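Position chain F against the provided structure of chain P, taking the given hints into account.
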Amino acid sequence: KAGVTQTPRYLIKTRGQQVTLSCSPISGHRSVSWYQQTPGQGLQFLFEYFSETQRNKGNFPGRFSGRQFSNSRSEMNVSTLELGDSALYLCASSLGPTGQSYEQYFGPGTRLTVT
Amino acid sequence: KNEVEQSPQNLTAQEGEFITINCSYSVGISALHWLQQHPGGGIVSLFMLSSGKKKHGRLIATINIQEKHSSLHITASHPRDSAVYICAVRYVIQGAQKLVFGQGTRLTINP
Numbered sequence: 055k056a057g058v059t060q061t062p063r064y065l066i067k068t069r070g071q072q073v074t075l076s077c078s079p080i081s082g083h084r085s086v087s088w089y090q091q092t093p094g095q096g097l098q099f100l101f102e103y104f105s106e107t108q109r110n111k112g113n114f115p116g117r118f119s120g121r122q123f124s125n126s127r128s129e130m131n132v133s134t135l136e137l138g139d140s141a142l143y144l145c146a147s148s149l150g151p152t153g154q155s156y157e158q159y160f161g162p163g164t165r166l167t168v169t
Numbered sequence: 071k072n073e074v075e076q077s078p079q080n081l082t083a084q085e086g087e088f089i090t091i092n093c094s095y096s097v098g099i100s101a102l103h104w105l106q107q108h109p110g111g112g113i114v115s116l117f118m119l120s121s122g123k124k125k126h127g128r129l130i131a132t133i134n135i136q137e138k139h140s141s142l143h144i145t146a147s148h149p150r151d152s153a154v155y156i157c158a159v160r161y162v163i164q165g166a167q168k169l170v171f172g173q174g175t176r177l178t179i180n181p
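Respectively, the protein sequence lines represent chains P and F.
Residues 55 to 169 in my numbering are what the first sequence spells out, letter by letter.
Residues 71 to 181 in my numbering are what the second sequence spells out, letter by letter.
One chain only, chain P, in its complex shape (with noise of 0.2 Å):
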């Protein structure tokens, strides 16, 4: 079974600019979070979905948004991009939601660089 894919791996954009991340979960997975990794800050919990709602968000500002389609792929998008969102974007996925103690499958990351 092919694992959580991530695309694109590496990315630089431009202060100002926004950028929309992708998510493929584990086949049959309806579950997905993600998540933001900084030197300063480490993990952070960006927000959950789950059969195309989103059932958890963490403490970030509006402009980091998500959504899930039908088929579990889910796409977070960042607008107005600052230097402090460079980071390492991490999604995962897991059968159902994470509050039931579904075990988490994480994809290899995003590496975002704003300029």
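Quick caveat, the hints were computed from the structure, so don't treat them as lab data.
Keep in mind it's a predicted model, so treat the numbers as computed, not measured.
It cannot be assumed that every hint is accurate.
[Stated by the list, open to error] Here are the simulated DMTMM-like cross-link-like pairs (lysine to aspartate or glutamate), alpha carbons at most 20 Å apart as the crow flies: (1) F:Lys-125 - P:Glu-129; (2) F:Lys-138 - F:Glu-73; (3) P:Lys-111 - P:Glu-129; (4) P:Lys-67 - P:Glu-136; (5) F:Lys-138 - F:Glu-75; (6) F:Lys-123 - P:Glu-129; (7) P:Lys-111 - P:Glu-157; (8) F:Lys-124 - F:Asp-151; (9) F:Lys-168 - P:Glu-157; (10) F:Lys-168 - F:Glu-73; (11) P:Lys-111 - F:Glu-87; (12) F:Lys-124 - P:Glu-157.
[Unchecked claim] Interface residues of chain F toward chain P, partial, derived using beta-carbon atoms under 7 Å: (13) Gly-111; (14) Gly-112; (15) Ile-113; (16) Ser-115; (17) Leu-116; (18) Tyr-161; (19) Gln-167; (20) Thr-178.
[Claimed, not checked] Counterexamples of contact, computed for chain P against chain F with all Cβ distances above 12 Å: (21) Glu-106; (22) Thr-152; (23) Thr-164.
Heads up, the beta-carbon is just placed ideally off N, CA and C, and yes, glycines get one too.
Same frame as chain P, now just chain F:
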């Protein structure tokens, strides 16, 4: 004070040594996760605990709910265990799930 504190931040040991990484948290939790991150960024979920103890190969994770503390042990450590180990706690506040991560413990095992 951070909700999740890990210790030590960095740990260097010789191959074969018994390793312990600690995680303390300050809130009532529904679950605690141990993650492993190798250089290059890939993350693997090692354990999810809500009570007691779990074992997988040379890895053992324990949790003491009353003391709000968890430990990750590695027996017969090997250079391939070199990675960052991250503790994360899941809890519910005002009906919403929250997931908070520790800063990680960087483990280096020398041959």
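Hint check results:
Annotation: proposed proximity of F:Lys-125 to P:Glu-129 is violated, straight-line Cα distance about 35 Å (limit 20 Å). With a CA separation close to 11 Å, the supplied pair F:Lys-138 and F:Glu-73 stays within the 20 Å bound. Restraint check: the Cα-Cα separation between P:Lys-111 and P:Glu-129 comes to about 15 Å, which is no more than 20 Å; the hinted pair holds. At roughly 10 Å between alpha-carbon atoms, P:Lys-67 and P:Glu-136 fall within 20 Å of each other, so this suggested pair holds.
Restraint check: the Cα-Cα separation between F:Lys-138 and F:Glu-75 comes to about 11 Å, which is no more than 20 Å; the hinted pair holds. Taking the CA atoms of F:Lys-123 and P:Glu-129, the gap is about 36 Å. The hint is violated against a cut of 20 Å. For the proposed pair P:Lys-111 and P:Glu-157, the alpha carbon gap of about 19 Å is at most 20 Å, so the pair holds. Between F:Lys-124 and F:Asp-151 the CA atoms are separated by roughly 18 Å; this keeps the pair inside 20 Å, and the hint holds.
Among the hinted pairs, F:Lys-168 with P:Glu-157 is consistent with the structure: their alpha-carbon atoms are about 16 Å apart, no more than 20 Å. Taking the CA atoms of F:Lys-168 and F:Glu-73, the gap is about 11 Å. The hint holds against a cut of 20 Å. Restraint check for P:Lys-111 and F:Glu-87: not satisfied, since their Cα atoms lie roughly 40 Å apart, outside the 20 Å limit. With a C-alpha separation of about 14 Å, the suggested pairing of F:Lys-124 with P:Glu-157 holds against the 20 Å cut-off.
The criterion of a C-beta within 7 Å of any C-beta in chain P is met by F:Gly-111, whose closest approach is roughly 5 Å, and the hint holds. For the restraint placing F:Gly-112 at the interface with chain P, the shortest Cβ-Cβ distance is roughly 6 Å, inside the 7 Å limit, so the hint holds. Interface hint status for F:Ile-113: upheld, as the beta-carbon distance to the closest one in chain P is roughly 4 Å, under 7 Å. At a threshold of 7 Å, the smallest CB-CB gap from F:Ser-115 to chain P is about 5 Å, leaving the interface hint in force.
With 7 Å as the threshold, the beta carbon of F:Leu-116 stays out of range of chain P, its nearest partner Cβ sitting at about 10 Å, so the hint is violated. Nearest Cβ of chain P to the Cβ of F:Tyr-161: about 10 Å, over the 7 Å cut. The hint is violated. A hinted interface residue such as F:Gln-167 counts as satisfied when its beta carbon comes closer than 7 Å to some beta carbon of chain P; here the least separation is about 5 Å, so the hint holds. Interface hint at F:Thr-178: violated, since its Cβ lies 18 Å from the closest Cβ of chain P, which is beyond the 7 Å cut-off.
At roughly 18 Å, the least C-beta separation between P:Glu-106 and chain F is larger than 12 Å, which holds for a residue marked as non-interface. Some Cβ of chain F comes within 12 Å of the Cβ of P:Thr-152; the nearest lies about 7 Å off, and the non-interface call is violated. Not every beta carbon of chain F lies more than 12 Å from that of P:Thr-164, the smallest distance being close to 10 Å; the non-interface claim is violated.
In terms of the numbered hints stated before, the structure departs from hints 1, 6, 11, 17, 18, 20, 22, 23, listed from lowest to highest.
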